[in-house]
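As a plain string of letters, each chain reads:
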Amino acid sequence: MSERILMQGNDAIARGLVAAGCAVAASYPGTPASEILASIDRWRKKSGATMHVEWAVNEKVALEIAYTAAITGLRAAVSMKQVGLNVASDPLLSAAYLGVTGGFLVVSADDPGPHSSQTEQDSRLLAMMAKVPVLDPASPSQAMALAGTGFDLSEAFGVPVMLRPTTRVCHASQDVDAPPFRPPVREARFVKDPARWAATPVYRRLLHDRLAEKIAAIAAWPATAPVRVNPDIAPAKAVVASGVAFAHARELFGELGMSDRIALYQVIQPYPLHAAFIDHLLETYAEILVLEESAPVIEMQVADRRRVRGRMTGAVPATGELLPEIIARILSRFAGLPVPDGKLSAQGGGRRPTLCPGCAHRSSFYAIRKAAPAGIYPSDIGCYTLVINLGAVDTVLCMGAAVSQAAGFDYAHRISGKQVDIVATIGDSTFYHAGIPPLIDAVVQGARFVLVILDNGTTAMTGNQPTPGTGIGAGGETTAAVDMEGLVRACGVRFCRTANPDLLPEFVALLKEALVHARERGVAVVIARQPCAMVARTAGGKEPGAIMITGECAGCRHCVDRFECPALVFDEAANRIRIDEMTCTGCGVCVSVCPAGAIRQEPDGEKRS
Amino acid sequence: MSADVGKPPLPRQQIVLSGVGGQGILFLSRLLAEAAIAGGFPVLTSETHGMAQRGGVVLSHLKVGGFDSPLVRTGRADLLLVLREENLALHREFLADGGALIVNAPDPTDAGPGMRVHAVDADALALSAGVPHAVNLVLLGFALARIGGATAGGFFCAPGEIREALSRRQGGGGSRLADALSALDLGIVHGT
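The listed protein sequences correspond, in order, to chains A and B. To convert, note that position 393 of the first sequence is 393 in the working numbering; the numbers rise steadily by one, no gaps. With positions in the second sequence counted from 1, the corresponding number in the working numbering is that position plus 1000.
For the record, the hints were derived by calculation from the structure and aren't laboratory data. You may find that some hints are simply not true.
Claimed, not checked - Derived list of chain A stretches under chain B, where covered just means 3 residues or more per stretch with a C-beta under 8 Å from a C-beta of chain B:
(1) 148-158
(2) 170-182
(3) 422-434
Claimed, not checked - A partial selection of chain B residues facing chain A, derived with a Cβ cut-off under 8 Å:
(4) 1042
(5) 1065
(6) 1067
As the list claims (entries may be wrong) - Here are some of the chain B residues that sit facing chain A, going by a computed Cβ distance under 10 Å:
(7) 1071
(8) 1087
(9) 1158
(10) 1160
(11) 1182
All C-beta atoms in this analysis are idealised placements derived from N, C-alpha and C, irrespective of residue type, glycine included.
Using the sequences and the hints given, assemble the complete structure.
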């Protein structure tokens, strides 16, 4: 049976992993990698395989769980976005030395652009630093195939292998022939060898020698060698490309008529670059152009600087996504063709993203500004980063940093003889991920700030994955749940109160109380608990009453500027607010936001009269 | 020159869909992609996810026929479907000379020289028909009727193939399928 089906890149990676007998999979959600784990679980159900599939508390834990399965001889995978790999880099670098007995694949999705990330970093550089081979797919179908190749490579040499898709692979969809499932038939079998699995520095040096030998051998492994697209010509110039930049280049070679004039190669394994390929390039071509995202990983391994063009020579822009329009210009210039001068497609611009209508984060941030108008507001990674529009987010660094930055602001001001109100915000999933150690630290150091944990019971930004507090597993099964209040108190916090931020006046009063505690006695935690509007919307229930704008609306714009709900629309012609019925959820929070009392709500169950 | 020399010609079509989060752009591009596969064509799409879904701009690329790259270059789209008029300023650059622009707007919009512009107030139509969340299908139905399906210079597929793709997606029928089909037909009636 061979049926072409539409698959998103992440779905295709998941299918490739399960089809190749992956038995343990763990992940922490992050765009563009989020869909992989949920897909793995869907394919697990479809194949009937016995697997352990989990949303881990963070990427480090996810990697350690999957890695450990791979030292019992099972095939295992971990998936994450590129900044998640930073969090997981500690176990990765060590795992490279120790190696594996079963296939181990680290899927790290990069985001050139960046579209939904803090950085444009290239995971292949981290693979290089860790000395693990990395595969760079150009399409969903190739990503699916390389999942299986990656397991084979990992087992052939006993090393972790990285699969590095980018946004344009993860979130591209394509018709693919799905491979049949190969159910995992192995049993876990851990062979004790403390000199290896718990190696001391003396043995680490020996393991490093062995890893270097493996990398040299992998640089000659035939299955991942570069592929020449047009082998029948003998030109003086070559283009060497990997990832989606290769897909753009291949299409442009046809359109620009370059296929019979310039050699085109696809590099599948950017690190270690095949040694014979480097020799072949330098022996054969006078000029070599390298197209890759987002760092010059291939380019720096082709040693002859006089003949190689790329990011290091300025032939390719140093930052940003390699859009096909940009590659068209680079290729035309390299081939000596007229350079197209068309406009680039718009990156960004237009309507800015904002919190959903009915989102309780909007209430929390409105209340924070009311309670601490002169405060400093460190924040964190999640939907609430969008609140930057509302002036209630001053800093965003990385997962969990809201808590440590709040403490850092306090210490910096304290030694300068100043006291300032600090209100930090962090989502529930981000708190579990990286917020707990800095909270313990802040308690011990006596830091003075209020931490608001925005507990909407889900990982909303990335598509509503469960958190450790929900008691729901990756496949919808029931798991144990962590008690957030108990956890906060166990960190040593003495003020910990939970409230619904949509009850605005009461919530503002609670924040003021917490600020008094923070100034006098140290860290105070307020848990703002209200379900995500996207989850609540699909859950059903009684129809909330319609929101109405009365004649008292003076057109002061307070609600649109300070509350910014997409359902509140300023009608310029009428100089007043109107409600967008297509987006309003009827949460009713705006009723207490309007200074003129011009927003009213009908009783529940009442439609607009 | 082309890599496809010697093979039977495939209809090659590049479509860009532009809107904002919540309008069903991803649904529309997947529906079209499934219709392409059912018609025997290779297909590549590229989607916007993550931050952009929170009410921000959403853009989908759809390439039907033998392509390698998942992205449509500026000046290359045969069809540009704009579900939110304000996005026109951002995305009109995708349209090829002689390409067709279908825009959800009350009045015909000037896209620039050499472009075929077709406007319909899909919001108003969908609201009046009681299917406010099917603006995407109203606009698609309008486009299929106005541009012509499975004809030279038209869509790669005909309305019937979209109906079949919808039925496959919402298997079991029910009121959701009925609403979707009526929204599509509403657009078709206004585009004819």
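Problem - Interface hint outcome for residue 1087 of chain B [beta carbon to chain A under 10 Å] - result: Residue 1087 of chain B check passes; min Cβ-Cβ to chain A is 6 Å, inside 10 Å.
Practice task
Using Cβ atoms only, decide whether residue 1042 of chain B comes closer than 8 Å to chain A, and label the hint accordingly.
Solution key: It holds, given that the least Cβ distance between residue 1042 of chain B and chain A is near 6 Å, below 8 Å.
Handout entry: Interface hint status, residue 1067 of chain B versus chain A (Cβ within 8 Å)
Key = holds, 6 Å
Practice task
Count the residues of the region 148-158 of chain A whose CB lies closer than 8 Å to any CB of chain B, then report whether that count reaches three.
Solution key: Violated: only 0 residues of the region 148-158 of chain A have a Cβ under 8 Å from chain B.
Problem - chain A contact restraint for residue 1071 of chain B - C-beta distance below 10 Å - result: Cβ of residue 1071 of chain B sits 5 Å from chain A, so the hint holds.
Handout entry: residue 1158 of chain B as an interface hint toward chain A, with CB separation required under 10 Å
Key = violated, 19 Å
Exercise for the section: Go check the region 170-182 of chain A versus chain B for me, would you? Three or more residues, Cβ under 8 Å, otherwise it fails. Expected result: Holds: 5 residues of the region 170-182 of chain A have a Cβ under 8 Å from chain B.
Exercise for the section: Would you check whether residue 1160 of chain B satisfies its interface hint, that is, whether its CB is within less than 10 Å of any CB in chain A? Expected result: violated, 19 Å
Exercise for the section: Double-check residue 1065 of chain B for me: the hint is only fine if its C-beta lies closer than 8 Å to a C-beta in chain A. Expected result: With a minimum Cβ separation of about 11 Å from chain A (threshold 8 Å), the hint on residue 1065 of chain B is violated.
Practice task
For the hint on residue 1182 of chain B, just tell me whether its beta-carbon gets within less than 10 Å of chain A.
Solution key: violated, 18 Å
Problem - Cβ contact check, 8 Å cutoff: the region 422-434 of chain A against chain B, three residues minimum - result: As far as the region 422-434 of chain A goes, the hint is violated, because 0 residues have Cβ atoms under 8 Å from chain B.
Hints 1, 3, 5, 9, 10, 11, counting from the list given before, are not met by this structure.
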